[in-house]
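Residue numbers (the working numbering), protein chains in the order written: chain F, 195 to 283; chain G, 195 to 283; chain B, 195 to 283; chain D, 195 to 283; chain E, 195 to 283.
Because the hints were derived from the structure by calculation, they are not lab data.
Note that beta-carbon positions come from the ideal geometry of N, C-alpha and C, so glycine has one too.
Just so you know, nobody snuck in bad clues.
The calculated lysine-lysine pairs, modelled on DSS-like cross-linking and capped at a C-alpha distance of 25 Å, are: (1) D:LYS222 / E:LYS217; (2) E:LYS212 / B:LYS212; (3) G:LYS212 / B:LYS212; (4) B:LYS222 / G:LYS222; (5) D:LYS212 / F:LYS212.
From the derived model, a few chain E residues whose C-beta atoms are all more than 12 Å from chain D: (6) THR248; (7) GLU262; (8) GLU280; (9) ILE281.
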Amino acid sequence: MLVGTVIGSLWSTRKDDKLNGWKFMVVKLTTGSGFVGRDSLVAADNAGAGVGDTVLVSVGEAARISAENTMVPIDAMIVGVVDSIEIEE
Amino acid sequence: MLVGTVIGSLWSTRKDDKLNGWKFMVVKLTTGSGFVGRDSLVAADNAGAGVGDTVLVSVGEAARISAENTMVPIDAMIVGVVDSIEIEE
Amino acid sequence: MLVGTVIGSLWSTRKDDKLNGWKFMVVKLTTGSGFVGRDSLVAADNAGAGVGDTVLVSVGEAARISAENTMVPIDAMIVGVVDSIEIEE
Amino acid sequence: MLVGTVIGSLWSTRKDDKLNGWKFMVVKLTTGSGFVGRDSLVAADNAGAGVGDTVLVSVGEAARISAENTMVPIDAMIVGVVDSIEIEE
Amino acid sequence: MLVGTVIGSLWSTRKDDKLNGWKFMVVKLTTGSGFVGRDSLVAADNAGAGVGDTVLVSVGEAARISAENTMVPIDAMIVGVVDSIEIEE
Numbered sequence: 195m196l197v198g199t200v201i202g203s204l205w206s207t208r209k210d211d212k213l214n215g216w217k218f219m220v221v222k223l224t225t226g227s228g229f230v231g232r233d234s235l236v237a238a239d240n241a242g243a244g245v246g247d248t249v250l251v252s253v254g255e256a257a258r259i260s261a262e263n264t265m266v267p268i269d270a271m272i273v274g275v276v277d278s279i280e281i282e283e
Numbered sequence: 195m196l197v198g199t200v201i202g203s204l205w206s207t208r209k210d211d212k213l214n215g216w217k218f219m220v221v222k223l224t225t226g227s228g229f230v231g232r233d234s235l236v237a238a239d240n241a242g243a244g245v246g247d248t249v250l251v252s253v254g255e256a257a258r259i260s261a262e263n264t265m266v267p268i269d270a271m272i273v274g275v276v277d278s279i280e281i282e283e
Numbered sequence: 195m196l197v198g199t200v201i202g203s204l205w206s207t208r209k210d211d212k213l214n215g216w217k218f219m220v221v222k223l224t225t226g227s228g229f230v231g232r233d234s235l236v237a238a239d240n241a242g243a244g245v246g247d248t249v250l251v252s253v254g255e256a257a258r259i260s261a262e263n264t265m266v267p268i269d270a271m272i273v274g275v276v277d278s279i280e281i282e283e
Numbered sequence: 195m196l197v198g199t200v201i202g203s204l205w206s207t208r209k210d211d212k213l214n215g216w217k218f219m220v221v222k223l224t225t226g227s228g229f230v231g232r233d234s235l236v237a238a239d240n241a242g243a244g245v246g247d248t249v250l251v252s253v254g255e256a257a258r259i260s261a262e263n264t265m266v267p268i269d270a271m272i273v274g275v276v277d278s279i280e281i282e283e
Numbered sequence: 195m196l197v198g199t200v201i202g203s204l205w206s207t208r209k210d211d212k213l214n215g216w217k218f219m220v221v222k223l224t225t226g227s228g229f230v231g232r233d234s235l236v237a238a239d240n241a242g243a244g245v246g247d248t249v250l251v252s253v254g255e256a257a258r259i260s261a262e263n264t265m266v267p268i269d270a271m272i273v274g275v276v277d278s279i280e281i282e283e
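Sequences are here, hints too, so could you generate the full structure?
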């Protein structure tokens, strides 16, 4: 899974109607001892996340498993709001 | 999902005929507070996008779920034209 | 999907025999306004591509969907030879 | 598969309840002769790993196959604690 | 698919027992006109590869298709030992 910070939201009216009802959040992937490689991504929200929250994101089929809907064309899902990360490098 | 800008189109006559009927657009992935890592990709269009539009792209099986056709050999689909992105860094 | 140029071929005798019959081509992924991130990959060919051709490559399950064979251990397939790419940046 | 070192743990109370019961570990992907590209990721643990362990991580559907639960929205799983890696460059 | 050189082996006793019986090899992904992006990965071996061999690696579900075992939590498989690569840049 990926960890990142919710930095904003995305709206789209002209879209695949199978996406209706989902909130889309812009998640900036944590860097440093976190998760580099890809700067940000858009994830649907399944944990009631808000801007500023640190979140856990599942990608691929796992996103649709979280949605409990195999027919939603989503490939990234916020599956948790992170309480804490303990790093012991 | 990925966000990017449609910067062009791609045509291919000599192709897998299961791809027939789909429009192929070149999508430059947004950088900065957006989505870096991969510069661009080609996505089929399922939202009526045009050059210059900011679009939402689903990849992998989600692309075929959007197409409602599990037998189309597509791995990236434009699933929405973005109205707005609100960033609150 | 990815776009690249066929720059060569790969031969393997000692291989999973489920791969028998497929031609393996080395595809250098286009950069610049194209597709950066991964330099090249090997794709099976399902569009009659040759060295020097610009090609469209589908990855993951889409490769096996193109092959119409879910039991072939292929994860990248040339699904089209590109006629033209029109970029309007 | 990926190889990395467990550098910490992650807790999330407000999450998809299908994730309940799983321990989430922060894995820093080994670099040098190891595995660069993505700095770290979060993986569920299916091998009894602890901080400081070198671990083998499977991603995608393989993570859920290890969990023997196709309905858990996990995309990365620690599937082994590494005894040794022998490199003969 | 990816191409790389087998540079070593990995052993893990404390692992998911569904992995038992598989040999795990460290594969350094070829660079230059080859395959950059990710430095190395660990792949199970389904082609009798040895250290120093140039190998063809399939990732994702293709790895389990090669294994003919959908219940093995493997996401990368050596599916061939490469005889030759002909590059005509």
